[in-house]
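Residue-level listing of the chains:
2 protein chains.
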Amino acid sequence: MMYPNNIKKEYHKKENTYYGNRGMDLEALLNDTNNYYVEKDKALIYKKPTPIGVIDVAYENHKKMIKKAYFKTHSTLDYNGIYKGKYVDFEAKETKNRTAFPLGNIHPHQINHIRSVIRHGGITFLIILMNNIVYLLKGSDFLEFIDHNTRKSIPYDYIKDKGYIIKYGYNPALDYLSTVDELYINKKEEIYGN
Amino acid sequence: MMYPNNIKKEYHKKENTYYGNRGMDLEALLNDTNNYYVEKDKALIYKKPTPIGVIDVAYENHKKMIKKAYFKTHSTLDYNGIYKGKYVDFEAKETKNRTAFPLGNIHPHQINHIRSVIRHGGITFLIILMNNIVYLLKGSDFLEFIDHNTRKSIPYDYIKDKGYIIKYGYNPALDYLSTVDELYINKKEEIYGN
Numbered sequence: 280m281m282y283p284n285n286i287k288k289e290y291h292k293k294e295n296t297y298y299g300n301r302g303m304d305l306e307a308l309l310n311d312t313n314n315y316y317v318e319k320d321k322a323l324i325y326k327k328p329t330p331i332g333v334i335d336v337a338y339e340n341h342k343k344m345i346k347k348a349y350f351k352t353h354s355t356l357d358y359n360g361i362y363k364g365k366y367v368d369f370e371a372k373e374t375k376n377r378t379a380f381p382l383g384n385i386h387p388h389q390i391n392h393i394r395s396v397i398r399h400g401g402i403t404f405l406i407i408l409m410n411n412i413v414y415l416l417k418g419s420d421f422l423e424f425i426d427h428n429t430r431k432s433i434p435y436d437y438i439k440d441k442g443y444i445i446k447y448g449y450n451p452a453l454d455y456l457s458t459v460d461e462l463y464i465n466k467k468e469e470i471y472g473n
Numbered sequence: 280m281m282y283p284n285n286i287k288k289e290y291h292k293k294e295n296t297y298y299g300n301r302g303m304d305l306e307a308l309l310n311d312t313n314n315y316y317v318e319k320d321k322a323l324i325y326k327k328p329t330p331i332g333v334i335d336v337a338y339e340n341h342k343k344m345i346k347k348a349y350f351k352t353h354s355t356l357d358y359n360g361i362y363k364g365k366y367v368d369f370e371a372k373e374t375k376n377r378t379a380f381p382l383g384n385i386h387p388h389q390i391n392h393i394r395s396v397i398r399h400g401g402i403t404f405l406i407i408l409m410n411n412i413v414y415l416l417k418g419s420d421f422l423e424f425i426d427h428n429t430r431k432s433i434p435y436d437y438i439k440d441k442g443y444i445i446k447y448g449y450n451p452a453l454d455y456l457s458t459v460d461e462l463y464i465n466k467k468e469e470i471y472g473n
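Read top to bottom, the protein sequences are chains A and B.
Just so we're aligned: 457 in my numbering is position 178 of the first sequence, and the numbers increase by one with no gaps anywhere.
Just so we're aligned: 473 in my numbering is position 194 of the second sequence, and the numbers increase by one with no gaps anywhere.
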């Protein structure tokens, strides 16, 4: 390898983030993508901060610091915002399970929220990283499975069949809004069916 | 007073929250209101959790706990969601200043965000508690002031003139969506002008 030290480092850092041994960092890729969309004024979509329960605070140099807190779970989904005038709301999940997506990943409150968003005319879906492929699974297809199965996981075949592959690239890293265009924006009659 | 102890307590608690010496708790009233809207399936609007920067975590009984963290500021606004198929995004602020609303309350990132939401066709506004009155100030009226003044605060007269009073009641406590109906939903031609 002939890279000068600093370039080599950068190269390996990129590689690690995207395809390294630890796999893709889905959240980082989506944050990069959302920043790109905001910069290009294409959409305003942000990840919500993780809610915490604060147990103890203290002041340090007149700054309020958290001394003890625990992580809570969202009752809504992680990402929301506006795209082409439409409300968009989604969750991103990854699983190392190669044959099925465990439904324990999605809380009952979140399932209700997906139902509500569809009812209110918003666009909602899951982004699932599984077997090193990123899928967009429409909220309606997710509910279709939940409502007709008692299984505690979605078989990979269902995700391959119903999901839409989001390819990764550079800028944006995961251009999920082109898939949203195809599935929702350019098919106006289906928007309320999600 | 003839209340049994527990009722008396409850009564005083309510009174404190709503009109007590410490004044109205705007955030609590808005959370109650948003819960009411969700229960009645009228809208899906939530407060975003406060973002934090985690410095240190530790495990206690296999549970990940935050041991040190600091509060960060939102680059977006505090509340967002969907109402009648429209994207809604707003900030709630209170001031004890009786003559002017200090603009230090709203960060430059948030001002940009208000501009962006209008450009993308969303509904955006401020809810301001001042002189014990709750006002809804349209994003466009807020920007109108910012863009034509170099002052570091908005005079109360401007808020009285341009703002719309949200009366408080029970269930919902602050029915700001009726004001949204009046200002945005029932005036379709104005929606992109916010």
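These aren't lab readings, by the way, just hints derived from the structure by calculation.
Among the hints, erroneous ones may be present.
Said to hold, decoys possible - Only part of the chain A face toward chain B is listed, based on derived beta-carbon distances under 10 angstroms:
#1 341
#2 343
#3 355
#4 364
#5 387
#6 424
Unchecked claim - Example chain A residues on the side facing chain B (calculated, C-beta under 10 angstroms, incomplete):
#7 322
#8 361
#9 367
#10 381
#11 385
#12 395
Note that this is a predicted model, so its numbers are computed, not measured.
Even for Gly, the Cβ is constructed at its ideal location relative to N, Cα and C.
Against the structure, the hints come out as follows:
1. 341: 12 angstroms, violated
2. 343: 6 angstroms, holds
3. 355: 6 angstroms, holds
4. 364: At 4 angstroms from the nearest chain B Cβ, residue 364 of chain A passes the 10 angstroms test, so the hint holds.
5. 387: 15 angstroms, violated
6. 424: Constraint on residue 424 of chain A not satisfied, violated at 22 angstroms.
7. 322: 7 angstroms, holds
8. 361: This interface hint holds because 4 angstroms falls under the 10 angstroms limit.
9. 367: 8 angstroms, holds
10. 381: 19 angstroms, violated
11. 385: 17 angstroms, violated
12. 395: 5 angstroms, holds
Violated hints, in rising order: 1, 5, 6, 10 and 11; the structure is consistent with all others.
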